[in-house]
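My request is simple: use the sequences and hints to build the entire structure.
Protein chains in written order, with my numbering: chain E, 16 to 293; chain Z, 436 to 601; chain B, 605 to 1402.
Note that these hints are calculated values from the structure, not bench results. One or more hints might be untrue.
To be verified - Not close to chain Z: a few residues of chain E, all C-beta gaps over 10 angstroms, as computed:
{"#": "1", "residue": "Glu38"}
{"#": "2", "residue": "Asn56"}
{"#": "3", "residue": "Gly82"}
{"#": "4", "residue": "Asp99"}
{"#": "5", "residue": "Asp165"}
{"#": "6", "residue": "Glu172"}
{"#": "7", "residue": "Thr193"}
{"#": "8", "residue": "Arg203"}
{"#": "9", "residue": "Ala224"}
{"#": "10", "residue": "Asp249"}
{"#": "11", "residue": "Ile252"}
{"#": "12", "residue": "Leu259"}
To be verified - Partial list, derived from the structure: chain E residues whose beta carbon lies under 8 angstroms from chain Z:
{"#": "13", "residue": "Met16"}
{"#": "14", "residue": "Lys17"}
{"#": "15", "residue": "Pro18"}
{"#": "16", "residue": "Pro20"}
{"#": "17", "residue": "Gly48"}
{"#": "18", "residue": "Leu65"}
{"#": "19", "residue": "Asp67"}
{"#": "20", "residue": "Pro118"}
{"#": "21", "residue": "Ala119"}
{"#": "22", "residue": "Asn122"}
{"#": "23", "residue": "Arg123"}
{"#": "24", "residue": "Thr201"}
{"#": "25", "residue": "Gly205"}
All figures in this text were calculated on a predicted structure; none of them were measured in a lab. For glycine and all other residues, C-beta sits at the position ideal for the given N, C-alpha and C.
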Amino acid sequence: MKPAPFAYKKVRSLDEAVALLGENPDARLLAGGQSLIATLNMRLSAPTLLIDINGISGLDGIAHKGGAVEVGALARHVQAERSDTVAKHAPLIARAMPFIAHPAIRNRGTLGGSIAFADPAAELPACLLALDGEVDATGPKGKRTIKADDYFKGLYETDLGPQDVLTAFRVPAATKDTRTGFAELTRRHGDYAIVGLAASARADGKKLADVRLAYFGVGNTPLRVKQSEAAMADGDIDAAVAALDLDPHDDVQETGAVKKHLAGVLLRRVAAQLMEAR
Amino acid sequence: MSELSMDITLTVNGEQVTERVEARKTLVDFVRDDLGLTGSHVGCEHGVCGACTMRVDGEIVRGCLMLAVQCDGAKVETIEGLSDSNELADLQSAFERRNALQCGFCTPGMLTAAQDILLQAKAKGAVPSRDEIREHISGNYCRCTGYHAIVDAVESVAIARAGAKS
Amino acid sequence: MKITSDSPPVLSVLDRPNSYIGRSVPRPNLHRLTQGRGQYISDITLPRMTHVAFLRSPHAHARIVSIGTVAAKKAPGVFAVVTGAELAKVMTPWVGVLTHLKGLKSAPQHPMAVDRACWQGEAVCAVVAKTRAQAEDACELIDIKYEELPATVDPEVALDAKTSVIHPELGDNLCFERSLDVGDVDKAFAASDEVVETTFMFGRHTGVTNEPRAVVADWNEGEQRMTVYQGTQAPHMMQNLFAKHLDLQESQVRVLTKDVGGSFGIKVHTYGDEMATVALSKMLKRPVKFVADRIESFVTDIHARDHRIKAKIGVTKDGTITAFEIDDLTGIGPYSVYPRTSGIEANQVVNLTGGPYTCMNYRAQTRVVFQNKGVMCQYRAVGHPIAVAVTEGLVELAAAKIGMDPLELRRRNLFPDDGYPAQTATGLKLEALSHHEALAHLDGMMNYAGLRTEQADLRKKGIYRGIGFASFIEVTNPSAAFYGVGGAKITSQDGATVKLDAQGAIVVHTGVTEQGQGAESVIAQCVASSFGVSMDKVRVVTGDTDNTPYGGGTWASRAAGIGGEAAWQAGKALRDNVLAVAAAMLQAKPETLDIRSGIVVDKASGTERLPLDELARVAYFRPDTLPPGFQAELMATRHYVPRGWPFAFTNGIQASYLEVDTDTGFVKLLKHWCVEDCGTIINPQLVDEQIRGGVVQGIGAALFEQCLYDERGQMLNGNMADYLVPMAVEMPDIECAHCVSPTADSELGAKGAGEAGTAGAPACVMNAINDALRPLGAAPLTDMPFTPGKILKALGKV
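This is the structure in structure tokens:
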């Protein structure tokens, strides 16, 4: 199908973007466009104005500073895939990148866009949650920072307001004690996950501390499983699996019962990764 | 409302092009309809089949997931340009000899994606494995060949290019 | 490098010097496709061309109460808004029935729904505008009021009294039924040592051609002629249908196919939206273009293979198969598709079950019922994937039951290679097959014994690999027995015209068509060989009803065997004509001459006598120098239709080697093999590639593809993200080999090969999964596609 007609404006500053969002409640931001343009092509949404923010400078950096890795919202997936900073200091994100769609999509899609769109079966939102990251946004009332645990609200719904622009996200930089794990089950390479798990922890002697397990593909948002996290920290994987507090819906790929079973399988696999030293 | 359409200037296959386009027109529809470059194909319009794969500013993209207006000032290369510059000559020849195309509809996108991994591999001084080739073309749907012949053809070119003097 | 090298010519009767028969030459005309310079229907633009978009029913079954088009007609760029009722005044409806499928019934179908929409996606209203986008914009302004009606979506209850009948004038929802009872099945089961009974389910799926369906219709009011650019497999069939339903003479209709982006049977049927596009061009007196987008393709392209089959096999302890029995139920759409009918697939299931085996006790029943879902009709390998999966699934379950190796059970029951001609239990006449030779070849090629050892070793480590097989017979080179006898204007014969041009090169016009399988190359190879030139001197014209002999196009794997034979004979006939000219010029006897590599030579010594370009020069420009009374005829036409056998059956055997992750239920395909006997092979590489592509389509059916519907008849996964087609990472390498049993029904001896891969692959993947899981006590899986959830369920993990 062809999109319904819309107007287009390429902005050069955040202020311009925020102002246009304020004036046009039917407007959408265009960053990578890899999700947005597909929905427009199918007429699943029909905004009257697209605000192209790709021209705003200074939003595409990937930097290691102040004990964190800060990723500008407009950094493309391919940048993160090739980034030494990400490989060294944000290994969980490095693990996730090859699973994201396909090369042509990764060349245009942005990490900020993925987190703003918050598809429940996408990799990066779960990584953000697993890493206890935070999101920077600029809106009509200025800048604010939202912690990952407070960010995901519902299906495609985040704490971002209709006039907010996500400008960056931050995750703690890995230390020598950082442990990460990532596993995803898809019927075909590059598909959205049937079930996926992004995990981070801190090695504490022979045990794990600060375990954060973020599942994706199992609910309306990425989901932490706190009881399982506690059991993992105690070193009891069977208890962690038994404690999985997930109730996935059926979807066109699999039933909720199957997804729940697969979540348990992934937990065991990710647990093994978490026990490996960096 | 002038913002529903706008003038864009871009380079397509080395030629400067100026056209007035609707904002809603995708890049692949633009090159096909406005420029008559029908080598890039439309298979799904949701970014999954890869038939529209082309190059913008040196990187492969989905032509159906970019708007023409986003390409103002950009350098666009379609299969016709990549072919006429001879950049793909050995790959095209390998595809033809190995019958790595049947109906040919996926072929422009497939060649563009294959060239992408070949360039990346050459830059690293490596020859991609069959599995790596399959992974790089995993976003390009082919219904005719079953992929085996395509992997054979790409692999043969990778080996040949690695052996060639730079 | 794995580029296939040429192979030497195979058969003596074709022992022409420099013959291309049996050689893996690259297809000519591929440069245009690799350069992106092909011309697909979706690429075509004509002066004053308009675009049509269809507003489609969102309901599976609904009465159309009213259609408000006033606002749409005023929308920017709109030329016309046409309802089904208005279109019905220009184009007559059709009924998809054939007389040889006794009792087959269906209701008249209009190009666009008139009173009632009967499936979600059926076209209800058309908007013709300057651009497709504008047409879609206007569609949103059309105001249609529907009254939803009950949707019939469960085949199991389609014939129950309380289920609403979709077409009350037909009396019930039964489209077609057939039963067959051969031998003494009950006695045979009673005498068996073991009887295995199970139910197979096959998920409805569809072709997903890379290029969606597209048509450009161009009515020229001055010429009173309709030119239709359509990626159809059968241009002459469509020429007849466009003429018939627009009340034109066939001579007023020209159909051109151009390049076709994949077909596999999807593009051999009649579609309402395509017919409507042609009618709209006549109404508006200007070109109209329709390109189905992917979303509408999923709900309008024909679906296939929606079957539930209760099946039974009897076997003795010493490995004799005693009987087969099947009870098939298939739910099609609300209409039998025209003109080939939606009864053929079920008919094939009945005909082909048990096909490779000598067992003569067979009972079958099939019922084809209407539903308010997408229409269903022939898709690559029509019926074979189901018949083969049922047969081969039962065979391996029986083997497991009696503790016999699955290949050994086959050895004891396959038709003997020296036992032909033979006839299956269902009455199919078999000329010459090679089941045992193929099986032996496969056994060695895959190192079966080695794989069993590897499997056993890995099982000890908790890794579960499986090996599965499928033997099959395959319908190719169909005679009139397939469609003609039923009253369809679908020709089973084909023709080729060859011409020597003024420079001594050859042009061949053929009635078979090219969709990427390599028909152009096969035809060129046949003519180049039988006439005597190199292939670069042969140009092939195809896909144009104005410029090719009346032919059947491509379907049921006929292009090489039937089209190739016509081309071969035409090349021979032209050679005779040319040698008559040469003889006249050289004052020699024609039988002492031959044509080799474009030169007339002395047959015995090979001495070059006269180049063809010189012969052409004289014949065309200096006929005054030829003997009085002699007329040069530098063009020849020959036709061919198989007469000795209703179908040229081929045979093959496939194997799948895979690993099941018993924690996740995911299947990893490790390798696939196929040994295929398609008679004389004209181009080995092209045949192997047809097999590979076909195997992957079959794997799609076994593991990935299903059109999912809800209880309201809504398709749930009609997009490329949710409907899973096979992509590169998950597919295995596929090794191919051949036996050769030529048919004596033609001089070439070539049978067809296009569908064999798809016929056998689902069965052997299923058998391999069950082989992998058997030691774990899992209930055999028989419900395709085999998703991880189904495998986990069989393992008792969910």
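Consistency of the hints with the structure:
| no. | hint | result |
| --- | --- | --- |
| 1 | Glu38 | holds, 13 angstroms |
| 2 | Asn56 | violated, 4 angstroms |
| 3 | Gly82 | holds, 32 angstroms |
| 4 | Asp99 | holds, 15 angstroms |
| 5 | Asp165 | holds, 31 angstroms |
| 6 | Glu172 | holds, 22 angstroms |
| 7 | Thr193 | holds, 27 angstroms |
| 8 | Arg203 | violated, 7 angstroms |
| 9 | Ala224 | holds, 35 angstroms |
| 10 | Asp249 | holds, 38 angstroms |
| 11 | Ile252 | holds, 30 angstroms |
| 12 | Leu259 | holds, 30 angstroms |
| 13 | Met16 | holds, 7 angstroms |
| 14 | Lys17 | holds, 7 angstroms |
| 15 | Pro18 | holds, 4 angstroms |
| 16 | Pro20 | holds, 6 angstroms |
| 17 | Gly48 | holds, 6 angstroms |
| 18 | Leu65 | holds, 7 angstroms |
| 19 | Asp67 | holds, 6 angstroms |
| 20 | Pro118 | holds, 6 angstroms |
| 21 | Ala119 | holds, 5 angstroms |
| 22 | Asn122 | holds, 4 angstroms |
| 23 | Arg123 | holds, 5 angstroms |
| 24 | Thr201 | violated, 11 angstroms |
| 25 | Gly205 | holds, 5 angstroms |
In this structure, the earlier hints numbered 2, 8, 24 are contradicted, and the remaining ones agree with it.
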